Amino acid sequence: MKGKIDAIVVGLGAAGGIIASELARAGMKVVALEKGAFYQPSDFLTKFDEIRYYCRSAIVPHMKSDPITWRPNKKTKAQILPWASNTLGLGDPFQIPPSIGTGGGTLIWGGAAFRFREADFRMRSTIIERFSEKALPEGTTVVDWPIDYKTLEPYYDRVEWELGVSGKAGNINNQIVDGGNPFEAPRSRDYPMPPIQRSAADRLFVEAAKRLGFHPFPTPTAIASVDYKGRKACTNCGFCHGFPCHIGAKVSTYDLVKAAVEETGNLEVRPFSRVFRINHKTGKVKGVSYFDVDGKVVDLEAPIVILACYALENARLLLVSGINENGQVGKHLMVHNYGWFTGVLPDFVNSFMGSLQSGSVIDDYTSELIPDNDEGVLWGSPINTWTGDFQPIETIRGLPPHVPRWGREFKRWMSENFRRLFRMYSQHSTLPSHQNYVDLDPEVKDPFGQPALRITHDWTEYDAKAVEFFMKIKREIAREMGMKEWWEDSPTPKYHVTVHDAGTHRMGLDPKTSVVNPFGEVHECKGLYAVGGGQFPTLPSYNPTETIFALAYMTSDHLLGRI
Amino acid sequence: MSYMFFNEEEMRLVQAICERLIPSESDSPGAKEAQAHVYIDNVLAGYFHHLQKYYRQRLQDFDRLSVQWYGAPFTQLPANCQDEMLRRIELGQAGEEAEKMKTFFEVIYEHTIEGTFGDPIYGGNRDFVGWKMIGFPGAQWGYSSDQMQPGYDSRQIEILSVADLVRKRKEAQ
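Chains as they are written, first to last, in my numbering: chain X, 2 to 564; chain U, 2 to 174.
Think of the hints as simulated: they come from the structure by calculation, not from any bench.
Be a bit skeptical, because a hint or two may be false.
Pairs of lysine-lysine residues, derived as BS3-like cross-links and limited to a Cα-Cα distance of at most 25 Å, are as follows [unchecked claim]:
no. : chain 1 : residue 1 : chain 2 : residue 2
1   : X       : Lys78     : U       : Lys169
2   : U       : Lys169    : X       : Lys233
3   : X       : Lys65     : U       : Lys103
4   : U       : Lys169    : X       : Lys495
Derived contacts from chain U toward chain X, CB cut-off under 7 Å, selection only [said to hold, decoys possible]:
no. : residue
5   : Gly47
6   : Phe118
7   : Gln141
8   : Trp142
9   : Val163
Sample of chain X residues with no beta-carbon within 10 Å of chain U, all distances over it, derived [said to hold, decoys possible]:
no. : residue
10  : Glu51
11  : Lys76
12  : Gly214
13  : Val321
14  : Ile397
15  : Arg398
Treat the numbers as computed from the prediction; the structure is a model and nothing was measured.
Beta carbons are placed, not taken as given, at the ideal position from N, Cα and C, and that holds for glycine.
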């Protein structure tokens, strides 16, 4: 791109992909700097390959090139993510940050596309009104969001119709609609496409959940169930979560970016560009410096810089660039705890077919709908199902201790049960608190000599209680479905990074207690934006991506002077 | 048979370990028929070339332990002794060497699984041995609504590797 650049977008994932293409389509000159590749559709035609995408995590940042360290608390020395360091090829490729390259995490996400609930935007007030301020565990920094559901509703609608989400509405303008989620916040219209193909296990779950008095509804999914706006309908290939889509049925901002580059001439993508510093002066952003593919330093100037590199890398870049006047950058880290529950169904359900999201969810106990309980659980979670997308190697790695891992019995178990697997999970967030945060590691550096990010995070007794409360419900549903064999993840799991990490550059109206405003602009540096899940003041129990998309559209409207 | 990295002796030992992890039975082939050891040889010459010294050293340690415990190299032990030795190592019961041998078990176990259940384009899972065992149809462009019903027998579907899928797509065009 020649001449003056209007904006630099760093990272082309869920948020960056939308903002870069929206700005370019409106006529702004945009340069996007992406750490990974600029993908083409032909890259994904052979994606049905567990060794490449799962075992070797081909498009996910590795700890060798992009180290992150972790410690449970201040007193412990941090080490490179022990569950993911992968020096011998044994790492868990799921519990590291999202994929990189054009599309970022949306290349290999599962596609769950939930709106947050009205109460999710006012978690602090809701808890205090129902329980009391004293009910909040010590040290928590739970707040209300600076925006409410109503503000975001038009953007949710835009995500669902413009990008394309499949699902069934349960509440249109306060009218309850059959077949959808009766507990959802009111929406202005239905989804543009019906739910994706139901997996075999879904019927069993739905019937069992209904018999128990729950209200299951099809998981809203950003996967085309019918041909939609140039995207092909899903073929149910079963290589979905952790894999790019071979036909573009799954929403990925990779498509938006590619189209904006080709159609507008206003967007230049520079792949394999590693931004290492934000340049700024007297409270105004000046541009960024990055290493290009050959390791050469390039300085780029623009009056607007948008950081969209995930909650972790956004915080690292702010810290390494000396942008943290009020000490809030990196604080309030929140991580989802999934409470995995996996078991064996009596019938073949061939759970390697279809998307993991080809099932249903119950929202009866989500967020503020948590029933009164003696355990002190303040906030509930949906119970999600995982009904497709099981591949052999990932399944074997996840076998529980009671199943023989090798020998004849292993063969027998796998040949009898691989086709009968079913999984439930929930998504409990650590409450934001002073104990959980990210900062710069004082010792560990990446191959370019830049400081690694250090995570300080641990699960608390409260977290374990919340997970355990929902484990009881999962057991009840499993029994009702006729399951006799199942296994549960620890309520204090070994991972402390997921692809849902949030809160590290909290948005708020007060520059003293937050990092960015509701549009993502950094309070202390005019023209600099930090967007994505890092903005979330609290992390609800739903998958975060639809809200990240919605906020990105809102930021785009703001940058284009539309609001 | 020539290999990319291992010498013949090492290859026999690797094959013997793979064979115990996923044993062959009269009606059901295992890692030997899947040629998981060929996969391991291939990855050590390629993707995991940084593990070459590691493997070579640990295989020597492994056979030394076999001689120490059972009086003979691993490939010459009866199957029940081989199983017992692997079990002891897996459970971390190898005395002073417990930790390092347990880690080696985890590494060769993982690679045996990859070589049996990964796509055949990587040199293992020969004749879809691993996928036939568990009823997995491999690299499919998609599944139909009829196939996604409870009770459907997935063994009716022709198993495909990524290479087959690409070839079929080209032929269809």
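Here is how each hint holds up against the structure:
1. Lys78(X) x Lys169(U): 54 Å, violated
2. Lys169(U) x Lys233(X): 20 Å, holds
3. Lys65(X) x Lys103(U): Given pair Lys65(X), Lys103(U) holds - Cα atoms ~24 Å apart, limit 25 Å.
4. Lys169(U) x Lys495(X): 43 Å, violated
5. Gly47: Violated. Min distance 11 Å.
6. Phe118: With a minimum Cβ separation of about 4 Å from chain X (threshold 7 Å), the hint on Phe118(U) holds.
7. Gln141: 6 Å, holds
8. Trp142: The hint holds - Trp142(U) has a Cβ within 7 Å of chain X, the shortest such distance being about 6 Å.
9. Val163: Since the shortest Cβ distance to chain X is 5 Å, the answer is holds.
10. Glu51: 6 Å, violated
11. Lys76: For Lys76(X), whose nearest Cβ neighbour in chain U is about 25 Å away, the distance exceeds 10 Å, so it holds.
12. Gly214: The claim holds: Gly214(X) sits with its nearest Cβ about 23 Å from chain U, beyond 10 Å.
13. Val321: Since the minimum Cβ distance to chain U is about 29 Å, Val321(X) lies beyond 10 Å and the statement holds.
14. Ile397: Violated, because the least Cβ-Cβ distance between Ile397(X) and chain U comes to about 5 Å, which does not exceed 10 Å.
15. Arg398: 8 Å, violated
Figure legend: structure checked against the earlier numbered hints; hints not met, in rising order: 1, 4, 5, 10, 14 and 15.
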